[in-house]
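Q: Residue strings, one per chain:
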Amino acid sequence: MRKKKLVSLAFLMLLLLATALYGCSSDNASENTEGDSGDTEKSGDPKVLIFGRGGDSVSLDPIAVTDGESYKVTKNIFDTLVNFGEQDTEIHPGLATEWTAAEDGLTYTFTLEEGVKFHDGTDFNAEAVVANFERWAGGDADKFPYYGSMFGGFGDEEGHVIESVTATGDYEVEFKLKRPQAPFLKNLAMSSFGIASPAAIEAAGDKFGDAPVGTGPFKFVEWKRNDSITIEKNPDYWVEGEPKLDQVVFRSIPDNSARLNALLSGEIDLADGITPSDGATVEGNADLQLFERPSMNVGYLGLTTTREPFDDPKVRQAMNHAIDKQALVDAFFEGRGEVAKNPMPPVISGYNEDIEDYDYNPEKAKQLLAEAGLPDGFEMELYAMPVPRPYMPDGQKVAEAIQKNLADVGVTAKIVSFEWATYLEKAANGEADAFLLGWTGDNGDADNFLYVLLDQDNIGSNNYTYYKNQELHDILIEAQTEVDEDKRNELYKQAQVIIHEDAPWVPLAHSTPLLAGGKNVVDFKAHPTGSDKLASVDLK
Amino acid sequence: MLHYIGRRILQLIPVLLGMTFIVFLIIRAIPGDPAQVILGQQASEEAIKALRTTLGLDNPWYIQYFDYLKGLLTGDLGESLRTRTPVVDEVWPYLAATIELSVFAIIIAVIIGINAGIISAWFQNSWFDYLAMIIALIGVSMPIFWLGLMNQWIFSIELGILPTTGRENVRDPVDVITNFYVIDTLITGQFDQLSTVLKHLILPGTALATIPMAIIARMTRSSMLEVMRSDYVRTARAKGLKMFWVVYKHALKNAIIPVLTIIGLQMGLLLGGAILTETIFGWPGIGRYIYEAIGFRDYPVIQSGILIVAFIFVMINLFVDLLYGLIDPRIKYD
Numbered sequence: 001m002r003k004k005k006l007v008s009l010a011f012l013m014l015l016l017l018a019t020a021l022y023g024c025s026s027d028n029a030s031e032n033t034e035g036d037s038g039d040t041e042k043s044g045d046p047k048v049l050i051f052g053r054g055g056d057s058v059s060l061d062p063i064a065v066t067d068g069e070s071y072k073v074t075k076n077i078f079d080t081l082v083n084f085g086e087q088d089t090e091i092h093p094g095l096a097t098e099w100t101a102a103e104d105g106l107t108y109t110f111t112l113e114e115g116v117k118f119h120d121g122t123d124f125n126a127e128a129v130v131a132n133f134e135r136w137a138g139g140d141a142d143k144f145p146y147y148g149s150m151f152g153g154f155g156d157e158e159g160h161v162i163e164s165v166t167a168t169g170d171y172e173v174e175f176k177l178k179r180p181q182a183p184f185l186k187n188l189a190m191s192s193f194g195i196a197s198p199a200a201i202e203a204a205g206d207k208f209g210d211a212p213v214g215t216g217p218f219k220f221v222e223w224k225r226n227d228s229i230t231i232e233k234n235p236d237y238w239v240e241g242e243p244k245l246d247q248v249v250f251r252s253i254p255d256n257s258a259r260l261n262a263l264l265s266g267e268i269d270l271a272d273g274i275t276p277s278d279g280a281t282v283e284g285n286a287d288l289q290l291f292e293r294p295s296m297n298v299g300y301l302g303l304t305t306t307r308e309p310f311d312d313p314k315v316r317q318a319m320n321h322a323i324d325k326q327a328l329v330d331a332f333f334e335g336r337g338e339v340a341k342n343p344m345p346p347v348i349s350g351y352n353e354d355i356e357d358y359d360y361n362p363e364k365a366k367q368l369l370a371e372a373g374l375p376d377g378f379e380m381e382l383y384a385m386p387v388p389r390p391y392m393p394d395g396q397k398v399a400e401a402i403q404k405n406l407a408d409v410g411v412t413a414k415i416v417s418f419e420w421a422t423y424l425e426k427a428a429n430g431e432a433d434a435f436l437l438g439w440t441g442d443n444g445d446a447d448n449f450l451y452v453l454l455d456q457d458n459i460g461s462n463n464y465t466y467y468k469n470q471e472l473h474d475i476l477i478e479a480q481t482e483v484d485e486d487k488r489n490e491l492y493k494q495a496q497v498i499i500h501e502d503a504p505w506v507p508l509a510h511s512t513p514l515l516a517g518g519k520n521v522v523d524f525k526a527h528p529t530g531s532d533k534l535a536s537v538d539l540k
Numbered sequence: 001m002l003h004y005i006g007r008r009i010l011q012l013i014p015v016l017l018g019m020t021f022i023v024f025l026i027i028r029a030i031p032g033d034p035a036q037v038i039l040g041q042q043a044s045e046e047a048i049k050a051l052r053t054t055l056g057l058d059n060p061w062y063i064q065y066f067d068y069l070k071g072l073l074t075g076d077l078g079e080s081l082r083t084r085t086p087v088v089d090e091v092w093p094y095l096a097a098t099i100e101l102s103v104f105a106i107i108i109a110v111i112i113g114i115n116a117g118i119i120s121a122w123f124q125n126s127w128f129d130y131l132a133m134i135i136a137l138i139g140v141s142m143p144i145f146w147l148g149l150m151n152q153w154i155f156s157i158e159l160g161i162l163p164t165t166g167r168e169n170v171r172d173p174v175d176v177i178t179n180f181y182v183i184d185t186l187i188t189g190q191f192d193q194l195s196t197v198l199k200h201l202i203l204p205g206t207a208l209a210t211i212p213m214a215i216i217a218r219m220t221r222s223s224m225l226e227v228m229r230s231d232y233v234r235t236a237r238a239k240g241l242k243m244f245w246v247v248y249k250h251a252l253k254n255a256i257i258p259v260l261t262i263i264g265l266q267m268g269l270l271l272g273g274a275i276l277t278e279t280i281f282g283w284p285g286i287g288r289y290i291y292e293a294i295g296f297r298d299y300p301v302i303q304s305g306i307l308i309v310a311f312i313f314v315m316i317n318l319f320v321d322l323l324y325g326l327i328d329p330r331i332k333y334d
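Listed in order, the protein sequences are those of chains A and B. Counted from 1, the first sequence has number 158 at position 158 by the UniProt record's numbering; the numbering is strictly sequential. Counted from 1, the second sequence has number 9 at position 9 by the UniProt record's numbering; the numbering is strictly sequential.
Incorrect hints may appear among the rest.
[Unchecked claim] Derived BS3-like pairs (lysine-lysine); straight-line CA-CA distance at most 30 Å:
id, chain 1, residue 1, chain 2, residue 2
1, A, 143, B, 253
2, A, 233, A, 525
3, A, 404, A, 426
4, B, 49, A, 207
5, A, 178, B, 49
6, B, 49, A, 468
I should point out that these hints are in silico values taken from the structure, not numbers from a laboratory. For clarity, every value in this text was computed on a predicted model and none was experimentally measured.
So here's chain A without its partners, still in its complex pose (with noise of 0.2 Å):
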């Protein structure tokens, strides 16, 4: 009886072990876990690229969206009349190779690249970028978000600065503006004034975003939500020589250590989004390769200037000199980033590399605040932010080191957070003391930073600290409209001191985004805007 006993009870974890193991016995060495980069080295098989980030798009028709995650896709789908630099923002050609710009900056006129064809087979030609701009300027901000907000409205609206587009020949379009506006050319190059097929969104209408069809280096298969999007080569790509990958994959992993893991076990080729203190882990693996992707953005500490203390300058500047911000970048973005001094990193042009930075001197700020009457220090409300952003690895670590940098000039901090869309709606109704936040730029131009985040114009949107300075605002504008360079860099260095000296920030840092990739993946170069055109990436 005893023995039989024994026979069921081992008959019975017998069960219990082949039921837990089934998934591990059901399959054998036969078939390679994925990822298996052994895959791509052999001749003859397709090269894959698989890249993690943290999010889906949320459209895939560029004009419609306003999202990061869209633009990674979108960016290798469709083409801009003219391109950013390989890793910065100077302006090549693109599906215009050449164009010209009168001498009063109000009329543009471009040659077009001939024989190219959409995807769908239909020819891309001057009609074909008339028929773009005709659907762009006919929409609403509703629709298209940034078309209104980089080209000043819509249609007949007074601020809308395109007067008309016209095809002058097969291959040439002109444009004619209302006024002289700078950073023409930046704009056209942004990832959401792709040129789509006029065929293909006449046949898809509102589906478009589903079934995205352009000029560029990939063509679109499928998207499963929230899961993956496949985009295969386009074997007629205008560019000679490109794409050199037969497929790529964008898969959302949004936990980041899941995505780090993914790519250690060779799931992925490619991983957006790799946190600072992941850097050395990365950088330590053989196996592994760290991409710096070059600064466009800044994180800073804002003051609400409509408030108290904060309406004195001095409160201000004394805060300046509280913050220790080497420490800071030290700590939270492990060294992986640059102390800034101005509203905008150093990238953009017009840059005032002779501003001198406030620097850390606790005694200074007690001095200033006494001058402003507050010897004995205020109480505050910091708030942090809820969630880590390039230019913000983690927003609560950051306020509770600023917190005891204030304490040490007799300024009491209480910490707030909130849930994310509360806070920027908060922020932007001026109900914060001070505010932790940032900015990524859309098109490496100085007015993207300066004019949107500083100026009278922007409060209640952008300029959260409800700052206003009409002799900024006069320079500012004047800028807008100066088409020569270098004048308009001069503008461009005034505001930063203008800025500077009334300190409605204290700006923090300039961070360096990181991705890592597998060593087999080759000529990845990480663009400043976020979205990276894969066209010339090689698997080896």
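Since the structure of chain A is provided, determine the placement of chain B on it from the hints.
A: Okay, now just chain B, sitting in the frame of chain A:
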């Protein structure tokens, strides 16, 4: 029986209606303007106003609520504010992904949990009993994200036998028919893909199964202990029936009813509570669909997502109630 089912379904109506109302109110109590969130930091004042009007957010809340109910009655769950796609059209792949994962998890949890509970009861106070109950205790208190990441590290990076994330090998994708990948690979007869899909299920499946497995094991153990002490079990044993049959044929039948209730409840909880697992394992399920919708103040998606999950939860409970009668004919439905 039919009468009973009919009555239960009728009872569902006020429950579901009440739920739509509560969810609707709670969502609108969250601060944050969807128009602002959709258009992003760059948006201008006028653009936001215009969008609010197109989305119908200008209307008083009760009008919005009745519009929503009217839509529901015609099978219209509203349109996602973010993707501008009807929720009905886009929800299925997410739901299927979660159902597949939950079913897999509950199968693991039931098989291992019930057997562990039985063996523990059978050999009460043995080393197995102690060990199983300690593991069960750890199981209920284990943070899923930690367990998930550790499993990825051990089984994917160190041992290289299981994939870390996702539902399939994207280099060799599954042909989607029903969106249940296990079924899809069976339909198309691709058995190597079936094994890949099963491998993808193991890590998230076991992570998700941990808590229900522990709860089921403990419940089965206590329920079995009670039944094993009853007269009919003693009689069966006295007759010389083999212990295995006594346990699995006679005792289990009576012990299983409370366990079944727990399984039903856990299944419902899995459906709605898989967000963490889905995030860590990059699983494109309904938990993440709703979670991301919250970040975007995508009201229709949040409302409909919660409603769908709640509906399934209620249906599972109904199904479990009906199962009682099949297992124990003494239970009558009047």
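Q: The structure should be examined with respect to each hint, and the outcome stated for every one.
A: Results of checking the hints against the structure:
no.: 1; hint: A/143 x B/253; result: violated (61 Å)
no.: 2; hint: A/233 x A/525; result: holds (19 Å)
no.: 3; hint: A/404 x A/426; result: holds (24 Å)
no.: 4; hint: B/49 x A/207; result: holds (25 Å)
no.: 5; hint: A/178 x B/49; result: holds (27 Å)
no.: 6; hint: B/49 x A/468; result: holds (24 Å)
Taken one by one, the earlier hints fail for this structure only at number 1.
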